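Chains C and X, in that order, are what the protein sequence lines are.
Counting in my numbering, the first sequence runs from 1 upward without gaps.
Counting in my numbering, the second sequence runs from 1001 upward without gaps.
Read the hints as simulated data drawn from the structure, not as lab findings.
Since the structure is predicted, the reported quantities are computational estimates derived from the model, not experimental observations.
A hint or two may mislead.
As the list claims (entries may be wrong) - So the derived list for chain X, only partly shown, Cβ under 8 Å to chain C, looks like this:
| id | residue |
| --- | --- |
| 1 | His1033 |
| 2 | Leu1063 |
| 3 | Gln1223 |
To be verified - Derived contacts from chain C toward chain X, CB cut-off under 7 Å, selection only:
| id | residue |
| --- | --- |
| 4 | Ser285 |
| 5 | Gly287 |
| 6 | Leu348 |
| 7 | Ser427 |
| 8 | Val435 |
| 9 | Asp438 |
| 10 | Ile449 |
| 11 | Ser609 |
Ideal Cβ positions, reconstructed from N, Cα and C, are used throughout, including at glycine.
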Amino acid sequence: MLNRRKLSKKSRFTVISSRVTLVFVALLIFGILLAQDVYAQNLPRDETLYVAVSKKVALGPKVFNIYTPGFDRSRTGLHQLVNEYFFYVNLETGEYVPWLAESFEYSADFKKITVNLRKEVNWNDGWPFTAEDVVFTYNLLLESAPKMVWSAEVAAWVESIRKLDDFTVELTLKKPNPRFHLIRECFPAVRIWGGVTILPKHVWEGKDPVKFNNYPPVGTGPYRLLSSSETAFVYERRDNWWGTEQYGVKPAPRYVVYQYFGPETSVAIGLTTNDIDSPAIGILSLGTYLEVKRKNPYVTAWHARTPHAWLDPCPRGLMIQNAKSPWDQKEARWAISYLIDRDAVVNLAYEGTTSPSWGPYPYYKGLDPYFATIQDLIEKYPTTKYDPAKAEEIFKSLGFNKGTDGVWVMGDGTRLKMDFLVDSGDSEAMKVTAVIADQLRAGGVDVTIRPLTGAVQSDTRLRGDWDIAYQPFCPGDTDVFDNLELFHSKYYVPLGEPAPWYERNSFRYKNSKFDAIVDEMSVTPPKDVEKIKKLFRQAMEIWLEDLPVIPIVQAPALVPFNTAYWVGWPSAADPWNMPVNWWATFNLVVSGYPSPETGEWVGGIRSSSPR
Amino acid sequence: MKRGFVGILMGNRKFIIGFIIFIVILMGGIIAHQTIPFRYSRTGAFPPGLPPGVKNILGTDSLGRGIDVQLAEAVVNSVQIGLIAALIGTLVGAVIGFTSGYYGGIIDAILRVLMDVFLSIPSLLFLILIASLMRGVTVRGMALIIALFAWAPPARQIRAQVLSLKERAFVDMAKLSGMSEMEIITSELVPHMFQWMSANFVNATLAAILAESGLSILGLGPQNEMTLGMMIYWALSYAAVFRGMWWWWGSTVFTLTSIFISLYLLHLGFDEVINPRIRSKI
């Protein structure tokens, strides 16, 4: 009796559990079908551009508030496709391309800037884009500073804004600045990566700007959001985009998808099978890229051959702590420079994807006229030269003697030690640090590599608690001013206190003559090229002699492209734009743009098999 | 019982095989480390990415360093980390375990909480935190960091054993014959636990080498010296597997696996000696 009851209980359980299983399986199949529908949407492959991003976005698929701290404006594709900016700077050609604005003008004292907006622009919900939107956006940022992204920077520079007419605004600055139109944190112009984004007043008015999700996002760009999930953001081309109406130009891809495909191997496979058209920076290493290229001849990059990579605007330098002895002596800094074999750094750490750099500037064409003025200085101060004998000479002249273990020793018996700070999460810096440390050790310096990570690393770097550290020097592009200003002593803080930023003088360089030149440059409009050239030469003469930072290499950005479905990508052979899908300028890569000089339409990617 | 502990161990096949593998790897590492010039381990000493050949028996990595000389240094350093961490962990664990188990009361309550805390927190997270806070991790520093978490498991086990041992007749006998508490612990209890502690030591060595690899793969290993974990870190950061540089990751993984197997065999051998019921029939 007992047994039977047990059995029947058991069999009943089996029946129930199998039913439950059945329901689960049905749900699972339904879920998979549903998910596939959401993800793929059956987008026609030859009309869709797939961009692979390096990780999922932190705030999820329903947040599109570009001013929310932590919002990912690149990996969502938002600032490339939906938002547009007044001007875009083409670093390759040096052009300042008017977009939502037609022109701007400074007052004579550089305290006011007047912007003339384009008249025929519409938001993607049909409303016209006017001066009201611009005034609303600046006032919103001023009122909510510092809670919204970049609102503190806007509040630091902008006194007020007013509308002159429906398509003209006037910004009043707190102090004169002839470069206000180049500050991305304050002005809707894109130089590197992004800029201030103008918001539609009719959507944002009355909303809490910090909590508002802005879903679906309203922008003026050529695409609108079709769907979004944890891993993919799908955009569809607008037929009534102002650019189409104005110029008769349609961006070629009907759909653009910003998608997380997985780690390096998944992206490598996606590129090989033509499921991905353009992965973001930092996903594929050179070795993996070469392997993919070998398997799929459609895959290419900026250079079809070595060095493959495009030049990122932040050249790499070795920061040396100017506030510590003996590195407070320029001779000692030069000795370290002579101990570094930059060709070996390029070949070993970068596998040949870049080249040695003489200074803190990227080798962009727009800067060539400035570089031309200092060719003789670069020869006089050979910053890329590897010359251990010369270093030895300098160390001896500074009173060092080589100890029995080959390490330099001061008269008082102290060994020449260097604490080499490195971010352990930065694989590029780890490789370079390993190579440079070995070169310095071979030259008689007792180097200790100190890998740190996260906030500890960042804090240590800012407080200057190191002797040397590898660092990108940003922004550096068509204007020589910014990368000189990094070395201004107004950013100098004593050792132990946090510097304003890593390359903003955490190496604690101080030279009043240099400061004076930079100060003069800061009030010289960038249009006054001849005067800027003169000042640039004066500043670089001091910089090269002092060598506050040791230049190492140009920065490589390995961004592969797949030409199976889309062609016309910018490349070294045809450098009409920057090959970066995470900058707002990608809008111009997809659509092309009217040349500011001739008005002729330049570039834009095309279908490899036009219908 | 005439053969003694060591005698039985020497008769255990698993122990002997494990011991031989371990000694071969370690001695190979030490000898190679002493004979191959140090400069071959410097970046740029050779052309990068060479497969094994006449000049470089095990090839070179993407930074132009010889794999053979790196491997030799790595074996010595990794084993050193394992041994130091295991020794400290076992000794500290023993002291705390004996104290806690034998004295009981408030001391036991405090130590027990401490042990539970150290046993339940995810040690890798803390190791990452500590490693990232230290200024320049060295091989010894790495061993100390790992030892910080290696004492809790043996302490817990020893405490449990001592709780049972101290109720036995021979302990009462020792008390009656006037032995002090310290004497009882050292001359009556420790010998009972010695075999178990040896087995734990081997196991802790294995765990410490594994922990070092884990930390190093995250880039938090000793940057100024080579370890097996650092070798894997470098191989991964140059995508050696995808690029088919088998000599790089292959030799490292093979060595690491061999060390694990040898230590595991040693551990099994110890287990069988301590616990005759699982001793193999042959």
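Hints, one by one, checked against the model:
At its closest, the beta carbon of His1033 of chain X sits 18 Å from a beta carbon of chain C; the interface hint therefore is violated under the 8 Å criterion. Here the hint on Leu1063 of chain X is kept, as its CB sits about 5 Å from the closest CB of chain C, short of 8 Å. Interface hint at Gln1223 of chain X: satisfied, since its Cβ lies 4 Å from the closest Cβ of chain C, which is below the 8 Å cut-off. At about 5 Å, the closest approach between the beta carbon of Ser285 of chain C and any beta carbon in chain X falls short of 7 Å, and the interface hint on this residue holds.
Evaluation of the Gly287 of chain C hint against chain X yields a held restraint, the C-beta minimum of about 4 Å falling below 7 Å. Nearest Cβ of chain X to the Cβ of Leu348 of chain C: about 5 Å, under the 7 Å cut. The hint holds. Because the closest C-beta pair between Ser427 of chain C and chain X is about 5 Å apart, less than 7 Å, the hint holds. Given the 7 Å rule on beta carbons, the hint for Val435 of chain C holds: about 5 Å separates it from the nearest Cβ of chain X.
For Asp438 of chain C, the interface hint holds, since its Cβ comes within 7 Å of a Cβ in chain X; the closest pair sits about 4 Å apart. This hint holds: Ile449 of chain C has a C-beta 4 Å from the nearest C-beta of chain X, less than the 7 Å allowed. A cut of 7 Å between beta carbons decides the hint on Ser609 of chain C: the least distance to chain X is about 31 Å, and the hint is violated.
Consistency note: the structure conflicts with the earlier hints numbered 1 and 11.
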